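Listed below are the residues making up each chain.
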Amino acid sequence: EAGVTQSPTHLIKTRGQQATLRCSPISGHTSVYWYQQALGLGLQFLLWYDEGEERNRGNFPPRFSGRQFPNYSSELNVNALELEDSALYLCASSLTTGPGGYGYTFGSGTRLTVV
Amino acid sequence: AQTVTQSQPEMSVQEAETVTLSCTYDTSENNYYLFWYKQPPSRQMILVIRQEAYKQQNATENRFSVNFQKAAKSFSLKISDSQLGDTAMYFCAFMNPIPGNQFYFGTGTSLTVIP
Numbered sequence: 177e178a179g180v181t182q183s184p185t186h187l188i189k190t191r192g193q194q195a196t197l198r199c200s201p202i203s204g205h206t207s208v209y210w211y212q213q214a215l216g217l218g219l220q221f222l223l224w225y226d227e228g229e230e231r232n233r234g235n236f237p238p239r240f241s242g243r244q245f246p247n248y249s250s251e252l253n254v255n256a257l258e259l260e261d262s263a264l265y266l267c268a269s270s271l272t273t274g275p276g277g278y279g280y281t282f283g284s285g286t287r288l289t290v291v
Numbered sequence: 006a007q008t009v010t011q012s013q014p015e016m017s018v019q020e021a022e023t024v025t026l027s028c029t030y031d032t033s034e035n036n037y038y039l040f041w042y043k044q045p046p047s048r049q050m051i052l053v054i055r056q057e058a059y060k061q062q063n064a065t066e067n068r069f070s071v072n073f074q075k076a077a078k079s080f081s082l083k084i085s086d087s088q089l090g091d092t093a094m095y096f097c098a099f100m101n102p103i104p105g106n107q108f109y110f111g112t113g114t115s116l117t118v119i120p
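For the record, the sequence lines run as chains B and Y. Per this note's numbering, the first sequence starts with residue 177, numbered consecutively. Per this note's numbering, the second sequence starts with residue 6, numbered consecutively.
Rather than coming from a laboratory, the hints here were simulated on the basis of the structure. Keep in mind the model is a prediction, meaning the values are calculated, not measured. Incorrect hints may appear among the rest.
Derived Cβ-Cβ restraints for the label pairs, each shown as a range [as the list claims (entries may be wrong)]: (1) Y:Q62 x B:V291: 47 to 57 Å; (2) Y:T23 x B:N253: 18 to 28 Å; (3) Y:T117 x B:G234: 23 to 33 Å; (4) B:T190 x Y:S85: 47 to 57 Å.
Just some of the chain B residues that point at chain Y, by a computed CB distance under 10 Å [said to hold, decoys possible]: (5) G234; (6) A268; (7) G285.
We put the beta carbon where it would ideally sit given N, CA and C, even for glycine.
Bound conformation, chain Y alone:
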């Protein structure tokens, strides 16, 4: 069974600073995908970044980047130049394409950006 663990229930960061959110996962699969999703008060889950397990290069999307350590089963999210709009719940998620594209989510980290 796949499990995803986020050990930081709450975090805060000063505006313009950098923050790192941690995530570990457990799987016996070799081909899978990892994601970070953001959930603002609007409740809609918004994709932040996606990583394919077979790619060693860490994914980046503007101010967001990941540190993917496959052997350690670790997938942390770094947010640079934090902005007030980054305040949200952040969920780490794992996807094994077989039997079908369903996610396994962590319990989330509530991030607050302080002005």
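One chain only, chain B, in its complex shape:
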């Protein structure tokens, strides 16, 4: 069974540009989560999508947005990139009904560098 896949692996953008990161969940998983892991910090919750809807978002500005497609894959968009957006962005997927984190699986992330 394929795991959570993220693309691209690495992404270099210039300040002010837009970045698009993609995530394909495990087959059968309907929830997708996005986390930001900045250097020296733990993972910070960004967004949660389930059944095509945004269910919750973390304490991030509106320039961080995304969507979930009918096949449950997801896209994270970061507009007006700032240097501080440089981080590893991790996607995870789970079954909506999975209690307390069972089946919660992470991808290997996209390393975004803003120059």
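Let chain B serve as the given structure and place chain Y on it in line with the hints.
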């Protein structure tokens, strides 16, 4: 708000020895879940162990065990018979199933196993 604190940024242990990683958390919830995740250089977050707050018995997974002290809001990880493959970042995480399975992570402990 939930917070997770890991006060040991770096630790080292001799191969085959035992090491304990500390974690404290703060929450007003009564029903929650606690986790330890391992992040090797491959960047993928790997579940090490999971504890349900309503269970008093400490979780164990082979060489990994936890000391869960609910009243003290403490959740430490003990690694026995340390192996070179245990070298990684270790993150303590808290999950409150409501409103939806999102994690709150600590800042991590970098563990090095010395041959």
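Going through the hints against the structure:
Taking the beta carbon of each, Q62 (chain Y) and V291 (chain B) are about 51 Å apart, inside 47 to 57 Å as hinted. The beta-carbon spacing between T23 (chain Y) and N253 (chain B), approximately 46 Å, falls outside the hinted interval of 18 to 28 Å. Separation of T117 (chain Y) from G234 (chain B) is about 31 Å and conforms to the stated range, judged on CB atoms against 23 to 33 Å. Look at T190 (chain B) against S85 (chain Y): about 49 Å separates their beta carbons, and that is inside 47 to 57 Å.
Given the 10 Å rule on beta carbons, the hint for G234 (chain B) holds: about 8 Å separates it from the nearest Cβ of chain Y. The criterion of a C-beta within 10 Å of any C-beta in chain Y is met by A268 (chain B), whose closest approach is roughly 8 Å, and the hint holds. For the restraint placing G285 (chain B) at the interface with chain Y, the shortest Cβ-Cβ distance is roughly 5 Å, inside the 10 Å limit, so the hint holds.
The structure fails hint 2 only (numbered hints given earlier).
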